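Residue-level listing of the chains:
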Amino acid sequence: MDRRVVVTGIGALSPLGLDIETTWTAIKAGQSGIRAITKWECTGFPQRVGGEILGFCPDKWMKPRDAALCDPFLHFAVAGAGMAIADSRLLDHPGAGARTGTCIATATGGVHVLVSQQANMLRKGPNGVSPMTVPFTICDMASGYVSMQHGLEGPNHCLVSACASGASAIGEAFHMIKRGSVEAMVVGAADATVPVHSAAFAAARALSTANEVPAKASRPFDAKRDGFVISEGSAVLVLEELSQARAREAKIYGEIVGYGSCSDAYHMTAPEPSGRGAIRAMREAINMARICCKDVGYVNAHATSTPLGDRIEVAALQSLFGAELQNVPVSSTKSMTGHMIGAAGSIEAIFCLLAMRDEMLPPTINQEYPDPECAIDTIPNIARHSSIEYALSNSFGFGGHNVSLLLRRWI
Amino acid sequence: MNDATYPTILKSVTELCVEVLRVPLDKVCPSARLIEDLDVDSLFVIQLAMALEEKFNVEVPEDDMPRFKTVDDIVLYLQPKLEAA
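Read top to bottom, the protein sequences are chains A and B.
At position 161 of the first sequence the residue is numbered 161 (my numbering), and the sequence of numbers has no breaks.
At position 3 of the second sequence the residue is numbered 3 (my numbering), and the sequence of numbers has no breaks.
The reader is advised that the hints may include incorrect statements.
What the hints assert, rightly or not - Heads up, simulated DSSO-like pairs for lysine-lysine below, C-alpha to C-alpha not over 30 Å straight-line:
hint	chain 1	residue 1	chain 2	residue 2
1	A	Lys60	B	Lys11
2	A	Lys63	B	Lys27
3	A	Lys294	A	Lys178
Unchecked claim - Only some residues are given here: those of chain A computed to face chain B with a beta carbon under 8 Å:
hint	residue
4	Pro64
5	Arg65
6	Pro131
Simulated from the structure, these hints should not be mistaken for laboratory data.
Quantities reported herein were computed from a predicted structural model and do not represent experimental measurements.
Glycine included, C-beta positions come from ideal geometry on N, C-alpha and C.
Generate coordinates for the entire structure from the input sequences, incorporating the hints supplied.
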């Protein structure tokens with residue numbers, strides 16, 4: 001019998017809120033989480049705006065001694081997972097931990113602590129490096145820490161596909177449950193901003209330099225977009241095999257029904273001009289669900305607000321959906337969250353689920369100057385009431401990763 | 001250190017334990033056992049030793065670390081080093 005996979009818990013930290021419902025309320029209101037950067041001195045940086053997690057206390061979510069030393073990406077991951085697990089009530093059921101795995105992705109891992117320990121080493125020599133450096137910076141420790149904290153004894157690993165990491169983690173966990181390797185997965189992604197990454201993305205000319213009005217810097221599809229806005233946070237979901245979820249009468253947010261994943265095999269950072277990889281990923285996800293493009297009621301685009309990337313994604317959508325695209329609203333919630341790097345894919349999958357639950361499609365804000373090359377329905381500036389059954393979420397990443405997830409409303 | 005008396009060193013070690021291990025002040029007393037009472041594992045022993053080195057400006061060789069079973073052990077270990085300084 002075909003095993004089905006549903007979402008029974010969600011948790012997130014974003015620049016718009018320290019939990020998912022606060023974040024979602026802000027998204028529906030079309031608010032921006034982008035502000036002037038406060039976490040480091042930005043003099044000399046071409047980009048001085050970002051999406052920061054502020055007012056967050058990690059001690060609530062992990063041992064204070066660990067929180068004092070570990071990387072912020074781990075703070076965010078552990079908090080997001082804690083919220084998702086609590087929301088699912090999965091572990092209220094004896095023995096559930098033994099059948100649950102963990103895959104919390106990250107695009108960058110613990111760079112913040114690594115950089116500070118490198119400075120210690122240069123100042124004091126090798127003996128000045130903390131013994132906690134390795135455990136508190138390695139990419140897989142988000143999954144490792146969460147599995148230890150909650151007693152999750154199933155598969156435990158980390159998946160990295162740059163800005164598609166969160167979506168890839170969900171897609172692969174979906175397959176693991178479908179094939180019967182595990183009954184539930186705690187899955188998502190976390191990333192924390194660090195100055196060196198901001199400088200590096202800026203050096204690659206990937207970031208917006210529109211610093212004057214921070215809330216308007218991230219403007220996917222708009223003619224005046226000039227790059228993405230770096231952001232941070234985490235988003236974690238509990239995926240569960242349907243019969244188990246039903247047996248324990250779990251709250252169900254929606255079903256994962258399709259996953260497409262492929263590579264551009266083209267360039268380290270530039271998207272392939274024809275968008276063939278994006279098209280293939282979307283088509284695979286839609287085919288897996290055994291539906292047609294016209295059945296898709298909403299697309300949460302990857303669209304990061306770069307001139308080239310947004311245009312190629314729109315062209316890919318136009319190529320795949322054809323004339324049907326005029327009936328399919330497409331928005332980029334990065335216009336409000338900024339680009340949460342690895343966590344973008346997992347928080348955007350959550351937004352799709354909540355859009356179907358609340359019958360409210362999130363807008364793309366900062367739509368002021370139409371770009372003829374992005375002439376699609378971007379749900380400009382104001383959320384839209386709409387009852388839909390299927391939502392598609394796109395995530396792409398440096399390295400040529402293309403990932404699409406297809407989610408279905410749960411009634 | 002000018003004042004290498006047991007109470008003075010104990011006060012400083014206690015402050016350090018609270019800072020590094022993030023344990024409540026009232027849990028740190030001379031007889032508190034690092035592993036059983038303060039939940040210290042092998043990596044945090046090294047982290048604690050690094051902090052002792054920095055705070056007291058002494059060397060704590062790795063071979064000496066296994067001596068630290070209790071807070072009292074740490075204070076008694078430091079006392080002669082600080083008196084000699």
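Here is what the structure says about each hint:
For the hint linking Lys60(A) to Lys11(B), the alpha-carbon distance of about 28 Å falls within 30 Å, and the restraint holds. Proximity of Lys63(A) to Lys27(B) is assessed by CA-CA distance (about 16 Å); at most 30 Å being required, the pair is judged to hold. Distance hint between Lys294(A) and Lys178(A) is fulfilled; the C-alpha atoms sit about 26 Å from each other, no more than 30 Å. For Pro64(A), the interface hint holds, the least distance from its beta-carbon to any beta-carbon of chain B being 4 Å, beneath 8 Å.
For Arg65(A), the interface hint holds, since its Cβ comes within 8 Å of a Cβ in chain B; the closest pair sits about 4 Å apart. Taking 8 Å as the C-beta contact cut-off toward chain B, the hint placing Pro131(A) at the interface holds, the least distance being around 4 Å.
Violated hints are absent here; each numbered hint is respected by the structure.
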